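J.: So the chains spell out like this:
There are 2 protein chains.
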Amino acid sequence: MNLDTLYSELTLKTKTKIVLLVLDGLGDLATKEQGYLTPLEAARTPNLDALAGNAAQGRMLPVAPGITPGSGPGHLALFGYDPLEFQVGRGVIEALGLGIDLKAGDVAARANFCTLDDKGIVTDRRAGRIDTKVCEELCAVLSSKIRKLGTTEVIIKAGKGHRFVVVFRGSGLEGPLTDADPHHEGAPIPTVAPVNKKSAKAGKAAQLIKDFYKAALPLIAKRKPANGFLMRGIAHQPDIPSFEERYQLKPACIAVYPMYKGLAQLVGMAKLEGPQTIAEQFERYLTEYDHYDYFFIHYKYTDMYGEDGNFEAKKKAIEELDVALPILLKKRPEVLAITGDHSTPCPVKGHSWHPQPVLLTSPLSGWDKLQRFTETGANTGSLGIFEAKYLVRLMQANAKMFDKFGA
Amino acid sequence: MNLDTLYSELTLKTKTKIVLLVLDGLGDLATKEQGYLTPLEAARTPNLDALAGNAAQGRMLPVAPGITPGSGPGHLALFGYDPLEFQVGRGVIEALGLGIDLKAGDVAARANFCTLDDKGIVTDRRAGRIDTKVCEELCAVLSSKIRKLGTTEVIIKAGKGHRFVVVFRGSGLEGPLTDADPHHEGAPIPTVAPVNKKSAKAGKAAQLIKDFYKAALPLIAKRKPANGFLMRGIAHQPDIPSFEERYQLKPACIAVYPMYKGLAQLVGMAKLEGPQTIAEQFERYLTEYDHYDYFFIHYKYTDMYGEDGNFEAKKKAIEELDVALPILLKKRPEVLAITGDHSTPCPVKGHSWHPQPVLLTSPLSGWDKLQRFTETGANTGSLGIFEAKYLVRLMQANAKMFDKFGA
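One line per chain: the protein sequences are B and D, in this order. The first sequence begins at 0 in numbering that gives the first Met the number 0 and counts up by one. The second sequence begins at 0 in numbering that gives the first Met the number 0 and counts up by one.
It should be emphasised that the hints constitute simulated quantities derived from the structure, not laboratory data. Keep in mind that this is a model prediction, so the values were computed, not measured. Hints may be right or wrong, so weigh each one.
Identical copies go unnamed one by one, so any copy, or any two together, can satisfy a pair.
[Stated by the list, open to error] With a straight-line Cα cutoff of 25 Å, these simulated PhoX-like cross-link-like pairs (lysine-lysine) come out:
1) K156 - K144
2) K12 - K403
3) K348 - K12
4) K144 - K221
5) K16 - K348
6) K31 - K315
7) K14 - K348
8) K102 - K144
9) K118 - K213
10) K31 - K399
11) K348 - K399
12) K31 - K329
13) K403 - K299
14) K221 - K156
15) K403 - K348
16) K102 - K156
17) K330 - K31
18) K159 - K403
19) K31 - K16
20) K368 - K348
21) K159 - K223
Let the hints inform the model, and build the full structure from the sequences given.
T.: Structural data, given as structure tokens:
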């Protein structure tokens, strides 16, 4: 029997409140330079410590041993979707990151301006790294002239520097397509093709990309160095089973950054817009407490400072979250899990494969005799080291949402 | 999506040096008789301790909970091949153990002399356990008279006591075949047959075995008690994807015993012959440092003394390895893993299913706040308890050989 089917069959609806608090990129490494402490170990965290006094701890593999995930697979796993089964194309992630309100079936592409010579050969894949302002101007030109191709709506949005995103919204489209990018200078822009040659929908999408090039290139022909563009990671927004149906929980997302709102939207969570600080996010949770069963609260700064390799700032970001935590606990959810979507260790200055620590507290979580929430302590916790996709199941179990399996 | 496919797609080539140091049968059990210490815990290991001061630790299941592996599955798992998917027949392992230089497609059989009565009934399956010398004589007789069967080359090599190995090298052969062994006295030698009846190649191999019996039995008819022989585990050397292609690492094996060289050769590792002691093995690593990316260094004595149930000798073997370790560290590899292929606990006097401890040190391994490398400490490490087949993936990750998965 398929395990997801079993979970579904055993699921009971309850009125329990569940909160997933994600400190993005939380996990870290102990190095000599920092006195063999991680930022989480070095931080002053009285409120987290208090939670640790009645919690189960463990560590989670975002995907599989040694695999470093992007934010997409990292969050899909936290939401309980096998990141190998539910893959989201780069174009889609990029569009979500720019705050485009994607719908299932939309085909999205990462794009960037490039330089072409007289014969159409790519001479600079990044168009001399033009300024964001120039990119915005060029995107405005393209947007104003190309609103539709046939019956398909075209959405163009500028990103940073030479980067932008194109979304095709119409019926009967799908990805993935091969890249319209030679991946090196000295070659022309290749024509896209469906990865799965038998897909008529992907064939239709490929034709749209060709039509888009035909309409768009003349509009920027005189804008050297940005007289061409490349498109990559062309994929459709997959039809992911809705979180609410899958877990019998009405979910809401309280995030600040567009990418995480987008990922939550992918699985059908409500987006509660407005809050800009973690204190405001917790306040919003309080006001929305009665309206949802499951809250995904996303905190970006642990990841951001990990990417910078800034130990002190990451430590401070953890301390700031800790200071705000009592707001959340004014209406303490029955089940609260605190973790990351992956580790972003300062020595790595980027995402990594190291399992992220997780703390789960509920009236039934038990206590692992740990006084604090740390990577080293979590190694010895009762949750062990497990795949992140099971976290939501443990949260459901702690919410008494599973009937007994068998007699 | 298949996980191995994902690992392949994410693999980046680097120039990092990786060393897998296998203390065969390393894991052990703490018993009252030995003051509740394992040999690893009781041993004086200043050099291993120093490595533990900057390492991740854990324990590995060689195959699955409760499964005691032979050296074949134990090492295939360490090399990253799922031991359930890549099975190597006993005949092949036995031939490798005798140092026969097998090639893909060779069909190998474990054989042993037996006693037959006038009617061809097996009266002693082990021919009264004849001496190795007698076995060698008989094998020499068979070898000199049967060099070929048709176009197929026949290789016969004596083992210990009544045991020997027969290898058939020709084109279009495959196993497995049923045994030419009644598995009890009082029955004739059964005729072999292909396990997969539809395989023409196995049919051809079965006919060869019949031809071999027809040619060989008359040659020893008067050599009672060794006037017959049985053949078991008849299989071909499988075509295992090469280590180098699979991991984008050029691998070399520095082992002393033939079986381990053979297992390394199965996956296409270069065999660096010559060294007889662990110090010589480490010296050889130093001289070959520039020529390979991945070194598999095998140390036999921990297993040997575990098999003997000799606690003191196993402890001493660990200490001797520890003394030699600084030679290896003269050119410290970026990634070094130290573990066993399985446990061989002294109280068991044989291989066991108990997870073997593993230590992994690299600039990105982090530190689990453990001062020593021991079974009990490893239980609390950040690697957790995981399947041994993932070790090579963790080593690749520590060598920064994996691109990020998803955006």
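J.: Checking against the hints above, which ones are violated?
T.: Per hint list: zero violations.
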